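With the hints as extra help, turn the sequences into a complete structure.
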Amino acid sequence: MALEDARPDNEETGQALIDFCEESLRRFPDEDQSLTETRRRALGGAHFDAGMTGKAEELFGSWLKADPGWGFGWIGWADCYLPWGGRAADFGRAEEILQRGYRVPRVRDRDIIAERLREVCENTDRPNEARQYGEQAERLRQKPLHPAAGQAPAPPPGPTARRVKVGRNDPCPCGSGKKYKKCCL
3 MALEDARPDN EETGQALIDF CEESLRRFPD EDQSLTETRR RALGGAHFDA
53 GMTGKAEELF GSWLKADPGW GFGWIGWADC YLPWGGRAAD FGRAEEILQR
103 GYRVPRVRDR DIIAERLREV CENTDRPNEA RQYGEQAERL RQKPLHPAAG
153 QAPAPPPGPT ARRVKVGRND PCPCGSGKKY KKCCL
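All residue numbers for the sequence shown refer to the working numbering, where the first residue is 3 and numbers rise by one.
Just so you know, these hints were derived from the structure itself, not from any lab.
There's no promise every hint is true.
[Unchecked claim] Okay, the calculated beta carbon distance ranges per label pair:
1. Glu14 to Glu137: 39 to 47 Å
2. Arg105 to Arg128: 35 to 43 Å
3. Glu131 to Asp32: 40 to 48 Å
4. Ala18 to Gly56: 15 to 23 Å
5. Leu37 to Pro129: 35 to 43 Å
6. Gln144 to Trp86: 23 to 31 Å
7. Arg28 to Pro129: 43 to 51 Å
8. Asp32 to Gly56: 37 to 45 Å
9. Arg102 to Gln144: 20 to 28 Å
10. Asp21 to Pro85: 20 to 28 Å
[Said to hold, decoys possible] List of simulated lysine to any residue pairs, SDA-like, C-alpha gap at most 25 Å:
11. Lys67 to Gly53
12. Lys57 to Thr15
13. Lys67 to Leu27
14. Lys67 to Asp21
Because the structure is a prediction, the values reported are computed rather than measured.
A virtual CB, placed ideally from N, CA and C, is assigned to each residue, including glycine.
Here it is as structure tokens:
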């Protein structure tokens, strides 16, 4: 974390971060998914900050081709084009990347992608679109999780909850958007 925090100010620490991430990804290929994804985001961002935009694009592109559901991969890639840490902004490119990730079925952390899209729209003076993305993010945070997406199912209703019969052709109550008969039946 110290290397990542220091990299915009110092070329030497930026290279040290690249070396550290590459080495840890090489040495620990079967590490926890979250840690691997964090290292990848840091590596792609470090290449971008070091002026190796093509390499950063190549890395994020290959990782997301292998796992298009990696929401924070789309976010990390787009963040390279947002004006954080003294970077020059390219809101159009950031929005393009975020839109691609947002369209991936069952992408993880879709609500956070929607929040980033809201921020991009706010920064490009599109308040109506910003409001819509903010509302979508809120709805996504309230939606029950879907077990097929690798997430825990929503907890069962409490003893006082009223159960509603779901028809085979009704939308699945898990929120997947599929018919009940094609999903959780």
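Can you list which hints this structure breaks, lowest number first?
Structure breaks hints 2 and 8.
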